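**Q** Each protein sequence line maps, in turn, to chains A and B.
What the first sequence shows, in the numbering used here, is residues 1 to 370, in sequence order.
What the second sequence shows, in the numbering used here, is residues 371 to 740, in sequence order.
Hint data in this document are derived by calculation from the structure and do not stem from the laboratory.
Be aware that a few hints might be false.
[Unchecked claim] A partial selection of chain B residues facing chain A, derived with a Cβ cut-off under 7 angstroms: (1) GLN438; (2) LEU478; (3) LYS481; (4) PRO497; (5) ARG640; (6) ARG675; (7) VAL676.
These numbers come from a predicted model, not from an experiment.
The C-beta atom is built at its ideal place from N, Cα and C for all residues, glycine as well.
There are 2 protein chains.
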Amino acid sequence: MADSDRQIFRLRRGRAFRRAARQRRLDLYLVTRPEDVGYLTGFTGDDSHVVFDRSWACLVTDGRYAEQAAAECPDIDIHVRAGDMSAAIADALKGRRKRRLGVQADHLTLKAAKAIAKALKGTELIPLADVTGALRTIKDDSELRSIRTAVSVAERAFRELIAGGAKALVGRAERDVAAELDYRMRRLGASGPAFETVVAAGPNSSKPHYRPGGVRICRNEAVLLDWGAVVDGYCSDLTRVVFAGRMPPKLIEAYEVVARAQAGGIAAIRPGVACKTVDAAARRVIEAAGLGQQFLHGLGHGIGRVIHEAPALGPRGEARLRKGMVLTVEPGVYLPGVGGIRIEDDVLVTSTGARRLSSLPGDLKAMALG
Amino acid sequence: MADSDRQIFRLRRGRAFRRAARQRRLDLYLVTRPEDVGYLTGFTGDDSHVVFDRSWACLVTDGRYAEQAAAECPDIDIHVRAGDMSAAIADALKGRRKRRLGVQADHLTLKAAKAIAKALKGTELIPLADVTGALRTIKDDSELRSIRTAVSVAERAFRELIAGGAKALVGRAERDVAAELDYRMRRLGASGPAFETVVAAGPNSSKPHYRPGGVRICRNEAVLLDWGAVVDGYCSDLTRVVFAGRMPPKLIEAYEVVARAQAGGIAAIRPGVACKTVDAAARRVIEAAGLGQQFLHGLGHGIGRVIHEAPALGPRGEARLRKGMVLTVEPGVYLPGVGGIRIEDDVLVTSTGARRLSSLPGDLKAMALG
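Assemble the whole structure, with the sequences as input and the hints as a guide.
**A** In structure tokens, the structure reads:
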């Protein structure tokens, strides 16, 4: 980070904000969305906002976090509020120029905006489009380390689970398998699952957003698992389809198609390519197999502090890939009444292409649990 | 529910909305907060809004949920959106009178409000204070059943955990114990923990919002556990302090004080009493023991679809209790460097007093794990 950056915001990763602030002639910028506050300051607690101008930054938090905030954010001011957040922001800004205050339009509520405007009389609130979303698409080394660990924890938990062979699945309720996978991720160091783990057996696997229930898993059916870990505040996201006995023949065909589609999608990834081009590279394979109507969603999405981040890797994605983005690549084919196949891995966009961050095997043989 | 209610909103629990709509001369009301959408319609999916006038209600959802919404909300219209939520709302409202549209000021973002105002030209958005919050404080029979089950699942998981005796704690990392408790709740039917489970050993237990880490639990120290389950979308919330060997003598004293404070608080609960009076009944006991400065938070809070609901049972709580409210009662004493004691149970406000919904023993002897 350039020295000027450090002096200007005393925040990590303040560059894009500085640009937005200059363009909109802001005196101050208020960041309220929790993942952005953490991203900019390193603070890991809740219920806190950060406000900054060109030479100064301040985290407004409460008594529970006073000690933690001082330890995690040594370079910025900490204002510990006693009452309302809006009053505390006004206190923290006393004596500062504050004619124009940028706010996060896609996070700040009408009520909070009104309270802040009232507490800061004479200040105009400027609702701004997402700034951190684009900034956060490019992961730095420390973020990449966290994502790699989140991937590794999710993979190890999966390997532990399926080491049990057929009895890891057959006769068990979907939700018990999901609970076990989550428990194993926690034991391996995850703070929790990155989203509600999906375990969908047989025909349930054809519903892309199925929630695991009390259904018992049988032999000779596909079991779709979609899971991820949160480690150091960063997410991983993986999908595999496993089975005990034999897979229904239609799904064996679909599996091969989806695996080839995933390979095609990953091969299309490199800086400068539009998201929709990557989606098309995978979709073409599925369409050629006559299954285009059964691929119900986009090819993938960014991951990071939240599980769905920019960019969206879909048929309408105009954004272009850049080095340092981390994406899921997850084509799927869903056959109602039979089952679904989705194979999902996490990849890093490098200067020349894509590097897989996940290392689970993807071939059908490895998915047979006896 | 009166027949007129059913005709007017075709929503469950629409009464308070009807009153608000009449007072503010609204043509329509838009509810965006997920827990309120679920509360009013019975829908259990995500990313959906409900909009209604006096004779009609409509859930605006997306393709993933079309089938589920039709099954869960048979009495109201379902509008499946293809694109933007704001455009879909405009579509759903075609041909309806829509001069004044009430919105949830404490949930709707500036960006969403702007998009809706743009899609609905000529409609004025009226930001309204929380309506469902007050409505949701009074639980009906079906909600009470869910909360009772959530309490029972949390209790059974705890009993299973401590059935292991001292070895359930000693030598294990706090976060492993937390993960086990969560796993047991899931196996017993919880969809997940109601919040991040706290397991805080020794001096860590004096920090009310401590997050469990890699610290290994020792003999002869207090271990504070604060946990709850979500069942059918409703939360429970319990706290106990357990130990292997002996508790530090100062904490034994504190334990007796906190137990008496909790009993005093629960004895003060009945309809018509102000929240602050209940808080004072418990706080008085702790102050009389010279530990008033060590009771760092309010006595309790409502629970329901989210873990912290109205009313807040604190020193400044002017709201009065009503029959059907469900509250936590959780006095605590925190001795920095030594440890903390908190005892938390969930109670229902009845017509004459309070009924405990939780049944774990609270006496110190029962907390000794060998």
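**Q** Now look at each hint and say whether the structure bears it out.
**A** Structure-based check of all given hints:
The interface hint given for B/GLN438 is violated, since its Cβ lies 9 angstroms from the closest Cβ of chain A, which is over the 7 angstroms cut-off. Of the supplied interface hints, the one on B/LEU478 holds, with its beta-carbon coming within about 5 angstroms of a beta-carbon of chain A, less than 7 angstroms. Hint status for B/LYS481: holds, given a least beta-carbon distance of 4 angstroms to chain A, under 7 angstroms. Checking B/PRO497 against chain A: minimum C-beta separation of about 5 angstroms stays under 7 angstroms; hint holds.
About 30 angstroms separates the beta-carbon of B/ARG640 from the nearest beta-carbon of chain A, more than 7 angstroms, and the hint is not met. Proximity of B/ARG675 to chain A is violated relative to the hint, the smallest CB-CB distance being about 17 angstroms (cut-off 7 angstroms). At its closest, the beta carbon of B/VAL676 sits 14 angstroms from a beta carbon of chain A; the interface hint therefore is violated under the 7 angstroms criterion.
Checked against the numbered hints above, the structure breaks hints 1, 5, 6 and 7 and satisfies the rest.
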